[in-house]
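Novice: Given the coordinates of chain A, assemble chain B onto it according to the supplied hints.
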Amino acid sequence: MSQPQGKGGGAREVKFVPDEEVVKHIADDAGIKLRKDKTQLIVNVKRFVKRLENISDDEAQEFLEENNYVAALGICAQGPVGNGSNVSGSEVYSFQTPKRSSKMAELASELAQTPEQSVVPDHAEFPEKTAKTPQSSKHSSSNKVQLRSKKKEFVSTTPYRLRKRLAAPNPYLESESEYSASCSEEEDEEDQKEVNTVLSSRKTPGKTKAASTPPPKNTLTKKNKEDKMNKLVEEYFEAHSSSKVLTSDRTLQKLQKRRLNQQTLHDLLKKAPLAYADEIKELNQQHGSLFSKWMLQLNLGFNIVLYGLGSKRDLLEKFRTSVLQDSVHLVVNGYFPGITVRSILNSITEDVLDHIGTFRSLLDQLEFIMKRFKEDSSLELYVLIHNLDSQMLRGERSQQILAQLSSLPSIYLIASIDHINAPLMWDQAKLSLYNWLWYETTTFSPYVEETSYENSLLVQQSGSLALSSLMHVLRSLTLNARGIFRLLAQYQLENKDNSSYPGLSFQDFYQQCREAFLVNSDLTLRAQLTEFRDHKLIRTKRGADGVEYLLIPVDDSTLTDFLEKEDEDV
Amino acid sequence: MSTCSVSKGCFVFKPSPKKRRVSQKTVHFGERKDSGDTDLQFVTCQALWNQIKQELEQIQEDLNKQLLDNLESFLRRSHSEFQAKTTEWTYRMKSREIPTAALVLGVNVTDHDLTFRSISEVLQQNVTPYIALLEAKDCTGIKNLMQKLMGQLMNCYIDVDSLEDEDNVQVSHNRIRCSMTSLVNWYEGVTKKTSSETPSKKRTSSSRHWLSSPIVVIFKDMESFTTKVLQDFIVISSQHIHQLPLVLIFGIATSPMIIHSLLPHSVSSLLCIELFQSLSCKEHLSTVVDKLLLTTQFPFKLGEKVLQVLINIFLYHDFSVQNFIKGFQLCIVEHFYSQPLSILCCQMADVKTRVNSLSHEQCENVRRLPSFRRYVEGQVSENQIALLTADNYLKEVVQKLLEDLHVYHENYIPVLRCLHVLTSSLPKYPLGKQIRELHCMCLEDQVWETEEYESALQLARMLNKSDLVNVLQQCVEIFVSSAVKEFDQTVEKLKEFLTQFQKLEVAEAFQERDVSVSSQKELQKKTDLYHLQKSLLELKESRRSKKLTKFEMLRFEVVDYIDGLVRSYLAPADHKTLHEVVYFNTPSVLREHLNAAPRIALHTALNNPHCYLKAFSTVVTAAEGPDAASSDQVDDIIHARFIRAVSELELLGFIKPSKQKTDHVARLTWGGC
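Line order of the protein sequences matches chains A and B.
Going by my numbering, the residue at position 524 of the first sequence is 524; the numbering climbs one at a time, nothing skipped.
Going by my numbering, the residue at position 366 of the second sequence is 366; the numbering climbs one at a time, nothing skipped.
Derived by calculation from the structure, the hints in this document are not laboratory data.
The reader is advised that the hints may include incorrect statements.
What the hints assert, rightly or not - Result set (BS3-like, lysine-lysine): computed pairs, CA atoms no more than 27 Å apart in a straight line:
no. : chain 1 : residue 1 : chain 2 : residue 2
1   : B       : K143      : A       : K430
2   : B       : K228      : A       : K318
3   : B       : K433      : A       : K430
4   : A       : K430      : A       : K496
5   : A       : K430      : B       : K228
6   : A       : K430      : B       : K148
Only chain A is shown next, with the shape it has when bound in the complex (with noise of 0.2 Å):
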């Protein structure tokens, strides 16, 4: 216990002394009082030079501390399944950045297959680059002019080429916020990757030569100091920064691809083969056998958590139609973009407990629901929720509900969580009241179903959803009203070239829905239309000039497939 304490008060005294030294500094380099200070400098220098090795000390045995109590929790058994559970955070997370940069350098290198970009441009560039750093950091000697002196920095830290490529937009970049400065479109895709490869490893050897350059003058350890805190300095604005990230100007749309729809995309996606599908398969056969000890442990009063990589949709399926088909269970499909509490909690209500009416708060049909399972023994309930942690149940409150719900004695819930940070949801009230138990299922499977709703920056929207839901809807519809939508649609396709086009107003429309014998008044029509509206097959727009317009909210190849499928089936 008393071992965080003492580090953080180490670390306060690391962020104190700092500001402490660059006051006198300032007044140092002003030159006002020389003789006085430097004694008191070097005190505290050596003060501070001290305070940073207890610091390391501190984090060492601090390290220490956490080995023993990840040992203490006994990692060190093995299980037979899952890669999380028995794995200390440490190895897991272990800085191994600088080999790793440079073997992924050399990997980039490999399976480009392109042997005159390889590393050796990204080692050449170094000595240049250190060559500078002393420079840099004289610059940087007080604090306010290193933070003025910012972006001249940040331009003499980057290689010599860049900096000569960046040399010229940069003015630009200030006033161009679309235009970014690593992406020249003229230039080929081989010096591009090039920079990003110099990029990537600019970061970390870079700064550690600069801070280890030995400085030309002045005493040793102030010199030292300095450069540490500089470093600490930097990597702080660094990592705050609010300037712009480099970022590429490449967008998907210059690729001469155009946007694939949903229902191309699961195609496509069915033809390609599943890698590993018989390793996947026995390990979804491993987790199938702990089912009837989900069924037991459910029973004495746990619930049950899944997480792991790979969508646990299939598992849980699969649980529910091997043990839950003799008992009454809900189905959550957390992913589903609609889903609400109130939508769980109502299909309780209404389907489970078949209770006729509404209630004026989600609090007060959740202590409804609690009174009618604490009467009645006999009612038990099994609930599956695929994605607790989706964007629409992870808020608060729905959690809160849900938690408690889950703390009823004869409803067992069984989840799955997905997001990374899925366990921040839950604070130490809701835990308990969940009452987890934690397995890993890592299936590997991809997300097919989740990741249908998801609005995918990559996938054309609205495309193979609207075409069925048309196709739906008009098919339950007369054969008038049919063609009146058709004829709709065919005024909107002749005009799709005129970007300005508003709509068709009513009364054209409704001449032409007379001319084609499919109204006989103004009234059928506007009933019609209603129809049409809450269905969303239309949008009605009133224009500057009072008139009513109306548009079908689609896009003109989906009008024009459905045109051609409706031609088919007539």
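Specialist: Relative to chain A, chain B alone:
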């Protein structure tokens, strides 16, 4: 019916009612490959757990007793003043002070529920029927608070009264405007009714309560209430305190100072606060460990690593005794689920029948136990053959071994306690302050081999007499109360030591005085600094080389005796044959299920080259066919896979679309923006 839909997220499945009948009572361990009487296992497990649960409830009750008594007397006091209209109450009434109990419960918030439940139960029984339990999450505004408060109070009124006029009350409850005045009116109505109604009938039903019982409002989690709500409530109710005997109870997790930091002086001066401290969670845990683990009452035992994991989770994560118990429950379930021989983990009385009814398969299971094999190897060859072939002989031996194990536990516990008594009085606690630490050490290895034990004994050899006598007396008590026959001799021996110490007392006093007087005399004689130094050194030398006094001899004897006890009774359990039957020793299971690390799981899964390759297959395939990459014609399938990879990353929370630029994502974990 499929659970994929684009329009719905919830699906309810109801089996036909006929089927449901069948599915009743299907809770069991399920069918498994390894043979074992699963039903019996389950029944044993349940029986054991129920027994333990009862014990736990008892413990909880006992621990809270003190607190509850104090609270109760506080309520009575504050209330009786109201009833008697004594001067003090009128004084308080004038100054509008509300009697308040501040209940400091500690940071283990999860355990509070249980405490509050028992508090309200007890109060309901003994003090007043009018109790409202408020939680911060229900009371976002003063209006909600009043609603909740009145709802709870009026419901309880229904409970007390007959259920006939339920509709009546229900309607009024819904219609009533939630204000303090209506609450006062209601209270007056209720109290009048109870007092005016036929006293004989009413008295008998509610004789436990006094007339005009106080209204107790419990704020479960005082810290999470918004200050505004609290202030408003306190100010408003202080206006009505002369009509309404209101008593507040604040549940506080941090420190009582929080009241003053939450409430301004003008408000807190309206409260007449009395502080109550509940038992700290550490003490609670010690009691639980004491009553659950260090007893022969329950046949089930925890292994060293498992206990360590549970204690670590308690100490490092939540301080929650409830969670500790949950972990314990999981241990029991796991043990009975995974160990087919766990049917033998039962009360000694049942052991004989159970051993006799072991099937051949089960006997084979026994033979497969590592500890049993070790035992067999230590036997003579004829005996070995008999053990490995004849089931009946095996059963006899198993029964005997189990009895031995039981005896071992019976002896283990009192000796452990004695050792704890001895070592816990030593400076720096070389063997741990708590008995659970000592227990862990003893389970882990032969404790007398450790350095800590060595140093503890060394320290014990330097104890002064009064401490030592004290320790011995406590040891005698422990052995006597353990009521194990085997220790009769030990008790005799310890008592003998005690009498010897008493005899020594007189003689020693003489000696001491002699030595001190003579040395003092010497010191007085020489005034020269050099000589003084020399004589002091001599004195020291002589002390070191001096023959041991009788007391010291006796002290050595006592410590050696205790050492002997330790060596003969505190052998670690996994040296005992058949310890697998009663000890649960798979800490990895616990860690996996209670203290999971989803991040690590994800990380390792992604570190896995297989998945790495899959996710970035685009790179790989692009490298394989440089033509395709250079011609900018990305293969459709690769494109699709890339899309999937991106959306999966989004789902897992690694990236999110950065709104600033099209087609760009921001990294969220491991050093993102």
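Novice: Confirm or reject each hint.
Specialist: Structure-based check of each hint:
For the proposed pair B:K143 and A:K430, the alpha carbon gap of about 25 Å is at most 27 Å, so the pair holds. At most 27 Å may separate the alpha-carbon atoms for a hinted pair to count; B:K228 and A:K318 exceed this at roughly 51 Å. Of the pairs offered as hints, the one joining B:K433 and A:K430 is violated, with about 33 Å between alpha carbons and a cut-off of 27 Å exceeded. Taking the CA atoms of A:K430 and A:K496, the gap is near 54 Å; set against the 27 Å cutoff, the hint is violated.
Using a Cα cut-off of 27 Å, the hinted pair A:K430 and B:K228 holds, with the two alpha carbons roughly 25 Å apart. Note on A:K430 and B:K148: the hinted pairing holds, with a Cα-Cα distance of about 21 Å set against a maximum of 27 Å.
Consistency with the previously given hints fails for numbers 2, 3, 4, ordered from lowest to highest.
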